[in-house]
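Peer 1: These are the residues of each chain, in order.
There are 2 protein chains.
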Amino acid sequence: MKKALILSLSFYTCIYPQFAHALTALPKSPEIPKDNPQSVEKINLGKTLYFDPRLSKNGMLSCNSCHNLALGGDDNRAVSLSFKGEKGGRSSPTVWNSAFHTTQFWDGREKSLEAQAVGPIVNPVEMGMPDFPTVVERLKKIPGYVTMFDKVFGKNSITKENIGKALASFERTLVTPNSPFDQYMHGNKKALSPEAQRGMKLVQEVGCTVCHSGANFSGENKMGEGNFQKFPVYPDNDYVKKYNLMVDTGRFTVTNVEDDKHIWRVPTWRNIALTAPYFHNGSVKTLDEAVRVMAKAQLNVDLKENQVKDIVAFLTSTTGTFPKIEIPRLPPTLGETVVDED
Amino acid sequence: MKKALILSLSFYTCIYPQFAHALTALPKSPEIPKDNPQSVEKINLGKTLYFDPRLSKNGMLSCNSCHNLALGGDDNRAVSLSFKGEKGGRSSPTVWNSAFHTTQFWDGREKSLEAQAVGPIVNPVEMGMPDFPTVVERLKKIPGYVTMFDKVFGKNSITKENIGKALASFERTLVTPNSPFDQYMHGNKKALSPEAQRGMKLVQEVGCTVCHSGANFSGENKMGEGNFQKFPVYPDNDYVKKYNLMVDTGRFTVTNVEDDKHIWRVPTWRNIALTAPYFHNGSVKTLDEAVRVMAKAQLNVDLKENQVKDIVAFLTSTTGTFPKIEIPRLPPTLGETVVDED
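Protein chains in written order, with this note's numbering: chain S, 1 to 342; chain B, 1 to 342.
Treat the hints with care, since some could be wrong.
[Unchecked claim] Think about it this way: if two alpha-carbon atoms lie no more than 25 Å apart in a straight line, the pair counts; the simulated DSS-like pairs of lysine-lysine are: (1) Lys151/B with Lys324/S; (2) Lys304/B with Lys201/B; (3) Lys28/B with Lys304/B; (4) Lys140/B with Lys309/S; (5) Lys285/B with Lys241/B; (6) Lys201/B with Lys84/S; (7) Lys84/B with Lys84/S.
[What the hints assert, rightly or not] Beyond 12 Å from chain S on every Cβ pair, some chain B residues (computed): (8) Ala25; (9) Asn68; (10) Lys242; (11) Leu303.
In short, the hints are calculated from the structure, not lab data.
Note that this is a predicted model, so its numbers are computed, not measured.
Glycine included, every Cβ here is placed at the ideal spot set by N, Cα and C.
Construct the entire structure; sequences and hints are all you get.
Peer 2: Below, the structure is given as structure tokens:
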């Protein structure tokens, strides 16, 4: 994931072996939920929906607009613009390896990719469809989708739930294995530069990996449980003020529970060098600065510049191999359009 | 071409054999200019640029946003929205087979794809970059582009001219052969339905093909010359009023020459069923209505409904086979972003 590096609550946990947290190579595929098994047809339907701007009110945005698969799975912007050009509330997180996250969205408000995937379609500052009946009605006007849903889910199956299932199935294929880090973990000790190896040691010694552990560097809880952390832990410093890191209260905006103020999902580190700018508000423009901010805001540590450099080298080594994706042919509406002009 | 069907100036020219205009199957590839030969590397560079939203000021739009290769090479909107959500002046024409057009843009103001391709990048109601020095400066910050331009054009070669050349090279591969119409022209008489065959006869008898001739149905002049036509020829009817077809003065907006008022490039018919809504202002929502409008506005002919249906069947038979295109990996700027937030 993009844009936030949540380090450890405590600088000292790493000293004790019982607090050691594992870093592991990326599995070939994520966990597949029993009620949404993968199939070639379902993945293809999900891919088609993912690239279809007709899921936005005026046809200006597809999922891929803000979670761009030609880039790091986001848009390299602080916040994305909506279908009509208005600023969104938080930075677009990467879609790559999102299937390894145990909860979805910055505030972890959805437990599954299925539930996440349908959210932006009806968000007024994202794709802007008024409601799901309208989405379903529009897709029913596109004969190719009727055929595709029929094949995958049975007759009369264009529903919010099945749109989410198809999109989630496609997203579970968006996995980037074989990064220098993964090669290193598989035994190729030359895959990481000395700098990156020092960085790898540092993130464990400093305590970053207490939270950023596991194959996705986003914690090791079970699917649906989520891995959460307070951010910033140390709010009284110049970084927190400069980058407005206390404005958004995170999970509190969902639960309204006082203890959830400034609680956030632990984001992934994978491909993080591709997803500047950083943090939930996209306020930090560079990865080196993001590392400095995290060390200070989470651990009250002032890293030395050579330490920052080494950690950045390690984080960059998580950039994986991206699967080849052919652009889908979107099913047409012959001689007419189904999108709104505004 | 999207959205306009410019029929004949004269209903009667088609009666005389010397005025007969040829319909022909699509060649395998368009004319390649001598000063911009195709190469695998150049086409790949052009494809990469085509999909790169960093060519827009705030990273929200790539060429593909408005000329979507997953669709009919446009966006199925009357007019596209700019990088910040403002409406553009005219409807996005299709990029498919644009290499067969002998002049570019609705008003034919550019003679080559090379010159056309760089226009939208610095158009304030399109991608909104302030000027080309800024575009070049931004691309120079992306190491992968420096390498790619070096290989294709030599050292220090990121220039407006070479950006146009690379984009044009890619666009010359965006060809859709093998439509039912093309199969028919190659001798498979079963490729067209009886309805489409009647439509094919009709467009010739009624006179549409006096302008919409040649392999691209956009006239037969030489590359760079352009095929132009007045539209509407008969302005005094309800269609012209209803669809505001006299507001935009077409080529006059470029040349300021009185005779160029309401003169337009003859657009292609290929894949026209995929590119609703129609005409330069996108005001006509359906293909059948576009056929009625053209017959009345250009020929003062009121087509019967069965004639409209047959012509639509024929026009739909020009939908071709689309090449498979793999999404490019856009070269990254590690740990930083190069797009503006606004």
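Peer 1: For every hint, state whether the structure bears it out.
Peer 2: To see whether the hints hold, each was checked on the structure:
Straight-line distance between C-alpha atoms of Lys151/B and Lys324/S comes to about 23 Å, which keeps the hinted pair within the 25 Å bound. Between Lys304/B and Lys201/B the CA atoms are separated by roughly 15 Å; this keeps the pair inside 25 Å, and the hint holds. Only pairs whose Cα atoms come within 25 Å are accepted, and Lys28/B paired with Lys304/B is rejected, the gap being roughly 36 Å. For the given pair, Lys140/B sits about 23 Å from Lys309/S by alpha-carbon distance, which is consistent with the 25 Å threshold.
A threshold of 25 Å between alpha carbons decides the hint, and for Lys285/B with Lys241/B the separation of about 15 Å falls inside it, so the pair holds. Pair hint Lys201/B plus Lys84/S does not hold up; C-alpha atoms about 44 Å apart against a cutoff of 25 Å. For the given pair, Lys84/B sits about 8 Å from Lys84/S by alpha-carbon distance, which is consistent with the 25 Å threshold. The Cβ of Ala25/B sits about 21 Å from the closest Cβ of chain S, beyond the 12 Å cut-off, so the non-interface label holds.
Against chain S, the non-interface label of Asn68/B is violated: not every CB pair exceeds 12 Å, the least being about 7 Å. With a closest Cβ-Cβ approach of about 16 Å to chain S, Lys242/B is found to remain outside the 12 Å limit, as its non-interface label requires. Listed as outside the interface, Leu303/B is consistent with that label: its C-beta sits roughly 15 Å from the nearest C-beta of chain S, beyond the 12 Å cut-off.
Comparing the model with each numbered hint stated earlier shows that hints 3, 6 and 9 do not hold.
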